[in-house]
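Novice: Below are the chains, spelled out letter by letter.
There are 2 protein chains.
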Amino acid sequence: MAKTKLTAISGFPEFLPPEQILFAKVLDIIREGYELYGFSPIETPAVERKEVLTSKGGNEKEIYALSRLAAGEGENPNTELALHFDLTVPLARYVAMHKNKLAFPFRRYQIQKVWRGERSQAGRSREFYQCDIDVIGRGSLSLLTDAEIPSIIYQIFRRMKIGPFVIRINNRKILQGYFQSLGIQADQIEGITRIIDKLEKIGTEKVVSELTNKTALEKATAQQMIDFLGNELKTDDMLTQLNSMSQINEQFSQGVKELAIVVDGIRDFRVPEDSFKIDLSVARGLDYYTGTVYETVLVEHPGIGSICSGGRYDDLASFFTNEKLPGVGLSIGVTRLVSKLIEEGLLKKGAATVAQVLVASMDENRISDYLRMGTELRNAGIPTEVYLEKARLGNQLKYADKKGFKLAIIAGENEFSENTVQIKNLITGEPSVCPLTDMVQQVKKTLSAQEPKL
Amino acid sequence: MAKTKLTAISGFPEFLPPEQILFAKVLDIIREGYELYGFSPIETPAVERKEVLTSKGGNEKEIYALSRLAAGEGENPNTELALHFDLTVPLARYVAMHKNKLAFPFRRYQIQKVWRGERSQAGRSREFYQCDIDVIGRGSLSLLTDAEIPSIIYQIFRRMKIGPFVIRINNRKILQGYFQSLGIQADQIEGITRIIDKLEKIGTEKVVSELTNKTALEKATAQQMIDFLGNELKTDDMLTQLNSMSQINEQFSQGVKELAIVVDGIRDFRVPEDSFKIDLSVARGLDYYTGTVYETVLVEHPGIGSICSGGRYDDLASFFTNEKLPGVGLSIGVTRLVSKLIEEGLLKKGAATVAQVLVASMDENRISDYLRMGTELRNAGIPTEVYLEKARLGNQLKYADKKGFKLAIIAGENEFSENTVQIKNLITGEPSVCPLTDMVQQVKKTLSAQEPKL
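The listed protein sequences correspond, in order, to chains U and Y. The first sequence begins at 0 in numbering that gives the first Met the number 0 and counts up one residue at a time. The second sequence begins at 0 in numbering that gives the first Met the number 0 and counts up one residue at a time.
Simulated from the structure, these hints should not be mistaken for laboratory data. Quick caveat: nothing in here was measured; it's all calculated off a predicted structure. It is possible that part of the hints are untrue.
Stated by the list, open to error - Using 25 Å as the maximum straight-line C-alpha spacing, the simulated DMTMM-like pairs for lysine to aspartate or glutamate come out as follows:
#1 Lys112(Y) to Glu79(U)
#2 Lys60(Y) to Glu79(U)
#3 Lys112(U) to Glu18(U)
#4 Lys160(U) to Glu375(Y)
Stated by the list, open to error - Okay, the calculated bits of chain Y under chain U, using three or more residues with CB under 8 Å as the criterion:
#5 29-38
#6 337-343
#7 405-417
Claimed, not checked - Short derived list, chain Y residues pointing at chain U, Cβ under 7 Å:
#8 Lys100
#9 Gly116
#10 Val333
#11 Thr352
Using N, Cα and C, we set each Cβ at its ideal position, and we do this for glycine too.
With the sequences and hints as input, model every part of the structure.
Specialist: See below:
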């Protein structure tokens with residue numbers, strides 16, 4: 000029979016078990032972190048009606064629409080449905096639709112795949128996971144919420160053990176007020192900050208020349224802008240300087256006030272001083288956010304870019320309801336993050352199995368005993384596989400090695416006659432023998448002595 | 000501004016937080032159960048190339064194809080991609096594609112959404128979760144694996160606490176051999192067993208008449224078939240009777256031998272006698288399974304139908320590779336299951352928050368103290384929300400009630416002056432006061448005294 004061709008689909012990543020196990024652990028850390036702060040899960044369908052997804056416009060090219068591969072006679076193969084491209088539009092639709100059944104502030108997390116149908120670029124996925132939290136207020140929402148988000152970021156990435164990181168904080172009103180005072184339109188801001196972002200890479204001179212070439216800014220203004228946005232003052236000095244500039248305009252002054260409150264709050268949330276800083280160059284999709292904005296970088300791996308980002312928006316669901324629903328949110332693009340962390344060696348792929356123990360089966364007449372051992376270990380909460388095929392012990396141990404079990408239980412005629420089992424530590428290679436009745440205790444001891452996994 | 004219309008999409012279920020939290024707990028139980036037995040996670044993209052999904056044929060009508068909603072100039076909006084309709088075809092493609100990087104027997108679980116584009120019928124979803132496990136052998140696979148699956152089912156549904164259940168086991172070879180001996184073609188078997196399934200509901204007489212009307216069977220043959228397939232013998236008596244019929248044909252006899260081995264194994268896996276039985280009427284998609292088949296029913300809620308099903312197949316990936324890859328699998332259609340269990344009152348919706356504690360904020364000058372309390376509770380692993388808005392205590396407690404927190408921490412001028420906090424048990428309404436330094440301990444004690452959640 001002719002076989003169907005097997006090829007990977009570009010932009011749709013797929014992991015082998017060791018990466019997938021690592022990925023699942025990272026998702027668990029994120030989920031536990033979100034839940035510790037009282038964010039509750041919701042999940043929306045992978046699809047929305049096309050008109051919901053295109054409410055805002057501008058994203059049509061990246062949206063995948065659904066059609067029936069083979070509709071029945073007289074049926075229209077096209078549907079009104081398309082795959083969501085982020086979790087924010089579905090959240091807006093969800094909150095607008097169910098708002099009378101939700102308690103506000105509404106705190107939810109959402110860990111789901113999203114799809115983007117643009118041509119796949121190097122390293123860009125067309126299907127990937129986002130891990131979002133948002134707090135939505137009904138009418139208003141305290142600025143303390145803006146301060147809570149960095150504390151959640153801090154706690155999650157500390158537990159991920161991927162080295163030092165800094166949460167960079169800014170307020171879009173400061174940027175807008177400042178740019179407005181220079182006569183620059185709002186729609187230019189993102190482009191300008193993107194050029195200024197290259198300061199470290201290409202140096203001041205080239206950034207100035209790029210700014211003057213691409214934006215019609217004068218050289219002096221460009222230089223002034225770089226000095227302002229790129230300044231590296233410590234948090235309190237930065238706030239002092241920003242305060243001293245408050246006369247620039249109302250918007251700028253409002254942004255500085257908000258930023259000061261948020262910084263106070265971040266300290267009250269016990270985020271250490273070296274884990275956050277004010278960075279005036281952080282812009283993050285300025286057409287969406289209206290106040291606080293965040294991004295986070297790994298100190299020793301700046302090349303990875305921002306590992307999560309978010310901010311405050313005035314009105315979540317203006318396309319769906321007249322009710323004002325301000326919010327603050329954060330998104331971790333975890334598919335890209337995990338791939339990058341593996342590439343950089345910050346997360347290490349481990350075993351190809353979640354089981355820790357393999358019970359070898361040396362004697363097929365003793366299978367009932369091997370199965371009982373497996374049941375005892377599982378009853379103690381230890382993930383265990385009993386080898387069920389007929390194979391030589393050597394081949395079973397090769398299998399254990401290949402999959403990365405932590406230890407093997409071995410029992411043959413000798414052990415059964417003495418009511419013992421052999422526990423082979425597969426990390427050190429060291430064997431030990433213990434009474435059958437002590438097996439569970441001994442396994443726990445051996446496992447806890449091995450180095451902890453992520 | 001005109002608002003985009005908000006309507007639910009038929010067949011695409013969406014939960015409010017209480018149901019979603021419950022759903023997430025059920026997924027956790029399933030996942031933990033699978034992992035205890037050493038099944039490791041994999042995840043395949045939501046899409047496959049169309050030709051992969053249609054390899055076997057017959058499913059085209061239920062497949063959703065993807066197209067670009069707005070392709071660029073000169074680009075074809077159609078893609079070669081479509082959403083997977085189950086997790087078995089993707090598994091077959093995955094194993095065939097990566098087989099040289101996997102260790103066999105390959106044991107994986109896969110918890111993902113699938114999509115079926117047929118017109119939505121009452122209670123049928125077009126997007127739903129499947130929770131699958133499969134063990135795939137390279138060339139061969141021990142029958143003990145067939146016995147392991149019921150032990151996993153037993154362990155998971157016992158931990159779900161949804162009342163007594165019975166895993167019904169059969170072997171397709173017995174059915175095929177038996178039907179063949181009556182001159183009935185393989186493609187009729189599923190239809191016939193579906194009619195016989197109605198025995199309890201409509202009685203023998205009506206089943207006989209339906210069989211003779213719809214299948215051209217003679218009345219005596221129909222009656223004989225009902226007697227055989229519907230018999231309620233105990234496991235060992237059943238095996239004795241089946242053995243005594245082994246002369247029927249080779250296939251029948253082979254099926255009986257396999258079934259006897261599987262029953263032995265199930266007992267070795269410590270599945271209690273009252274949790275499994277041989278049921279010769281279980282057929283489960285006969286064009287797919289080739290040996291052991293399972294389904295599971297709740298003893299006190301037979302109307303829910305089978306809560307999980309699976310079986311043995313000779314060759315997983317014959318469309319993709321010449322290598323023989325036999326397997327055994329199980330699938331839990333958890334979206335439907337959870338909806339049904341909630342409907343029947345077997346799972347009870349609980350809180351709308353995963354947080355257990357709400358720290359009320361009565362005095363805005365003390366916000367730093369409230370945040371510190373929140374941090375202490377979280378550091379002790381207790382999911383906690385600090386109320387960050389300005390609101391009267393009464394309104395904060397209403398919010399706590401609406402969301403279903405287990406207890407509230409309350410501290411005002413009195414408490415701060417005495418270095419105490421009030422802990423209000425929101426289940427009993429009972430308040431208690433304790434020194435601030437004992438807060439975490441006291442919270443743990445109060446929580447553990449409240450009835451455990453699922």
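Novice: All the hints need checking, so say for each whether the structure fits it.
Specialist: Here is what the structure says about each hint:
no.	hint	verdict
1	Lys112(Y) to Glu79(U)	holds (20 Å)
2	Lys60(Y) to Glu79(U)	holds (17 Å)
3	Lys112(U) to Glu18(U)	holds (17 Å)
4	Lys160(U) to Glu375(Y)	holds (21 Å)
5	29-38	holds (count 5)
6	337-343	violated (count 0)
7	405-417	violated (count 0)
8	Lys100	holds (6 Å)
9	Gly116	holds (5 Å)
10	Val333	violated (12 Å)
11	Thr352	holds (5 Å)
This entry does not satisfy hints 6, 7 and 10, going by the numbered hints stated previously.
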